[in-house]
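Undergrad: Based on the provided sequences and hints, a complete structural model is requested.
Residue numbers (the numbering used here), protein chains in the order written: chain B, 1 to 297; chain H, 298 to 611; chain X, 612 to 1016.
Warning: the hint list may mix true and false statements.
[As the list claims (entries may be wrong)] These stretches of chain B come out as covered by chain H in the derived footprint (C-beta under 8 angstroms, 3 or more residues):
1) 58 to 72
2) 89 to 100
3) 109 to 115
4) 285 to 294
Hint data in this document are derived by calculation from the structure and do not stem from the laboratory. Using N, Cα and C, we set each Cβ at its ideal position, and we do this for glycine too.
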Amino acid sequence: MEALPQTLLFGILRSGLYALTALGLAISLGVIGVVNFAHGEFVMIGAYIGFWSYLLMSGPLGLGPAVSPLVIVIGVPVSAVMLYLIAAGIFRVALKPVLRQPEINQMLLTFGLSIIAVNAMSIGFSPQARDANLAWRFDLIDLGFVNVTYSRVAGFAVSAVLVGATYVLLRRTRLGKQMRAVAQNRLGAQVIGIPVDRIYEIAFGLSAALGAAAGVMLLFQTQVSPYLGLSTLLKSFSIVVLAGLGNLTGVIWASLLLGIAEQVISQYVPNGSALRDGLFFVLIFVVLLARPTGLRR
Amino acid sequence: MRRELVGWGVFLVIAAALPALGVAGDRYLMFLANVMLMFMTLALSWDVVARTGQLSLAHGAFFGLGAYTVGIAYRSGHVPPLAGLLLAALVGGLVAIVLGVVTLRLRGIYFAIATLAFAEVLRTVALQLPDITGGNVGISMPPLFDGDRVLSYYLIGAVFVLALALSIWVRRSRMQYAVTAIRANETVAAVVGVNVVRTKVSLFAASAVLAALVGAFYMPFITHTDPADAFDTTRSVAALVFPIFGGLYTTIGPVVGTLLLRSLEEYLRVTPPWKDGYQVVYGLVIVVAVLFMPRGLVGLATERLRRSPWRSSK
Amino acid sequence: MRKTLATILAASAVIAAACGGGTSSPAPTSAAPTTAATTAAPKPPIKLGALIPLTGPSGATGLDMKDGYELAKSQINAAGGVNGALIDVIYEDDKNDPATAVASFEKLANNDKVEVIMGGLASTITAALIEPAKKAGIPMAWTGAAATAVEKGFVDQPFFFHYHPWEYQNSVSALAFLKSTPYKTWAVIYEDGLFGTGSATILKDELPKQGQSVAISETFKTGSTDFTALLNRVKASNAEGLIVVPFAGDVIPLLTQMREVGYKPKAIYASPPSFPPDFGKSPVAEGLAGLTLWTEDIPAPASKKFVADFKAKYNHSPVSYWSALAYTNLVTAVDALKKSGPGNKAAWITAMEATSYASPLGPTLKFTPSQFIKHQGFTSLVTFQWQSAKQEIVFPAELATAKLK
Chain B
1 MEALPQTLLF GILRSGLYAL TALGLAISLG VIGVVNFAHG EFVMIGAYIG
51 FWSYLLMSGP LGLGPAVSPL VIVIGVPVSA VMLYLIAAGI FRVALKPVLR
101 QPEINQMLLT FGLSIIAVNA MSIGFSPQAR DANLAWRFDL IDLGFVNVTY
151 SRVAGFAVSA VLVGATYVLL RRTRLGKQMR AVAQNRLGAQ VIGIPVDRIY
201 EIAFGLSAAL GAAAGVMLLF QTQVSPYLGL STLLKSFSIV VLAGLGNLTG
251 VIWASLLLGI AEQVISQYVP NGSALRDGLF FVLIFVVLLA RPTGLRR
Chain H
298 MRRELVGWGV FLVIAAALPA LGVAGDRYLM FLANVMLMFM TLALSWDVVA
348 RTGQLSLAHG AFFGLGAYTV GIAYRSGHVP PLAGLLLAAL VGGLVAIVLG
398 VVTLRLRGIY FAIATLAFAE VLRTVALQLP DITGGNVGIS MPPLFDGDRV
448 LSYYLIGAVF VLALALSIWV RRSRMQYAVT AIRANETVAA VVGVNVVRTK
498 VSLFAASAVL AALVGAFYMP FITHTDPADA FDTTRSVAAL VFPIFGGLYT
548 TIGPVVGTLL LRSLEEYLRV TPPWKDGYQV VYGLVIVVAV LFMPRGLVGL
598 ATERLRRSPW RSSK
Chain X
612 MRKTLATILA ASAVIAAACG GGTSSPAPTS AAPTTAATTA APKPPIKLGA
662 LIPLTGPSGA TGLDMKDGYE LAKSQINAAG GVNGALIDVI YEDDKNDPAT
712 AVASFEKLAN NDKVEVIMGG LASTITAALI EPAKKAGIPM AWTGAAATAV
762 EKGFVDQPFF FHYHPWEYQN SVSALAFLKS TPYKTWAVIY EDGLFGTGSA
812 TILKDELPKQ GQSVAISETF KTGSTDFTAL LNRVKASNAE GLIVVPFAGD
862 VIPLLTQMRE VGYKPKAIYA SPPSFPPDFG KSPVAEGLAG LTLWTEDIPA
912 PASKKFVADF KAKYNHSPVS YWSALAYTNL VTAVDALKKS GPGNKAAWIT
962 AMEATSYASP LGPTLKFTPS QFIKHQGFTS LVTFQWQSAK QEIVFPAELA
1012 TAKLK
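TA: Have a look at this one:
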């Protein structure tokens, strides 16, 4: 049991990026009602933008050890803004025309977008997976009972800030209230004068921006490749489903559950590192059977 | 009713005559024709479940279950492929009844994720039981009919006919009312006397039997599979892309959707200058299809016919 | 009426698709450049097929191979091709999917009527090609697929020439190196796919036979970003050395997380199929040892020339040894074609059997029988160590460019 504090700590730190990625998906599902199969590709393209900022800063600009914090301070906002614009454009061209179509058609549309994005990136920038040699991936913080890379802590901190900011936006601002109104009753919101399509566009852009921020932070943990999106998508869907559709607070609890469960299974179940994903899906299965609409609500 | 059956009769006669039309000698085209029928069957069987309003991502899992049933039966008892096929249908059906009873009360994306989880669990099980399943080395089998692709074409053709019959029967029998009512509103359906659970579970099981049969065919047809290949989620996704493209809740939609999309993908894949970017084009076709033909090819076709000046006869 | 009409339309589409496919598939794929010095009437190009993954996560390695093929092709054609006829390589994407691979194989063999089918990466894909290959009997100059099960499938087939060492040959090379180290107890962790399991199983069986022991053995799923729990258990086993069989993407997370849990084995032996680009520049690379078929820095003259030509054509170094292997693959297959002439399978096989090629990979390539097949090319690998961002060969001694640190 001596590994328990470390197991819990790493599980909690891990849940940060899970929450950030899943929150974007939950917003597009909760506010617009679109199951976005291309959300993983927002994460992937966001990661690439972060990777290029890393290449620029460490190569031609020669910023040396300052690159790691700069990728966060500059790379995250730049990537988020660019993905916001891309997503808003996609919304106008492709998504808005199909909003009144059956849910399943919207899913197929986002699925098509995902295929285009993955393969266009693969052709444009090669399918080769790349690592960012960021100093923070390797430098350690000594916590006494365990060492932790700066990456882990940064990933959690950035996620916590952004997830927190999103909650403030949704709870405290006029825009957020409009979003929640649209989410609850599209027609009613329209009647009282809320520009519904505009709110949808902002929500979709916001969901992509959150995904992009998560993508940049993934550079600190793993390789970036055109196929990065698929692996993040599956986990995000699981979290959103566990949370209960449209339940944004539930996303935090579900992410914590996933992060800690993964860590505990790996640590205490024999051969757990290989069984982890399978066991997690058993968990989803059980939760869904017990609570057919997710953990909360 | 009769016209539709005549239409499908003509279709089947032409499809059955395909090998005689000079295709038999072309092993490449015969292979594609076999694969085409596999995907048409998957698409038809997926559509039958979709008619009850359920979005299944379990068809890849039942496919894998069928493949592994045949593979394991051969590996441990030298059960011949045809007997294995029957066994796979049985296993697929029984597992589907159990899975259906516990999951079919989930709706929409909840059901989709639960079925996806089921596939992932099966994959992990197949990996972790190497003594039975061969683990990640997978299972090899001698080729079906000694690699004769004309004979295998008729075998998978027979499975396709079963799927076709199921799809037509559900639409043309009293089942259609139950299914439509369930899709519109389960509670109301139950109130007006539809046995919701029995209808959903039996269609889910029938559909799973077909998917398992396709997997059972795949195993000796391809001769080798492993957990990653057998339980590949892209097959579940393909099973839903083709019917949506063709037209949901119909029989002709899944068939034509598969035919066109699969042919297009293969054509782009092997033909320069598309070769390098064929998947991008494929994705674009899907997006454009959703944007401009929301009810699939069938919807587009019926709309055209409705507008046509010759339509006064009906 | 509507339904009948639509159904008949659909049926005719089947025929149309079938016929269309039939006529369009053998389309010529390149306008043959007539820069060669021959003045005779241009001969039709000689076609070879390359069946490799070009899309999906394995696509990166497939594209490395394509670079190697294209380099070899341009050199061969510049030198006059095969007896005056230019060569043309038809690339087919296997998508890392067995059904796609079989379709492509049949197309290359029966419709394009290529002389030789080259390529091959994943064992699972190749396993599905065994039966179609036996039926077609077409010459195969095959690069990848190291699983013993694949070798068994091609037992005694005269048309099958295999370049990459089999997994047990990989292990023999690894075991020889491990035996030369002073460490007695080892921990083995490996990805739970065919690649990791195949290599690690043999090591686990054979290490005890040479007086070394396996203290712990664990598997992980490739792409999982957290290995700390696994590493904690490995650390607790107190093994002196660590053997890892990962994929490229797992290497850096594994090594950094070893630092997080404070695990410092005396030696780390990691054998991914390729290392991430720029891996040498990362602070965790130093001292890591591994198994490879080839590195950019080996001193063989053929290798130096290959690297120089490659850089001249592509402006970057070869990313993995697969470029060099593919280059060797095409050059030797065409050399045999020059002797046999096109359309003569038996003569091509005889010519291939006589191959003796000073390959860029280092050893001279000859085909000899291995455990099950008649024509095995390379049989051993070298152990290298990352030293100052370079892959220095440290074992076997006669090929070493540096000492193990």
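Undergrad: Hint by hint, note whether the structure agrees.
TA: A quick look at each hint next to the structure:
1. With 0 residues bearing a CB less than 8 angstroms from a CB of chain H, the region 58 to 72 of chain B misses the requirement of three and the coverage assertion fails.
2. With a cut-off of 8 angstroms between beta carbons, the region 89 to 100 of chain B has 3 residues touching chain H; three or more are needed, and the interface restraint holds.
3. Given as covered by chain H, the region 109 to 115 of chain B passes the check, having 6 residues with a CB less than 8 angstroms from a CB of that chain where 3 are the minimum.
4. For the region 285 to 294 of chain B, the stated coverage by chain H holds: 6 residues have a C-beta nearer than 8 angstroms to a C-beta of that chain, and at least 3 were required.
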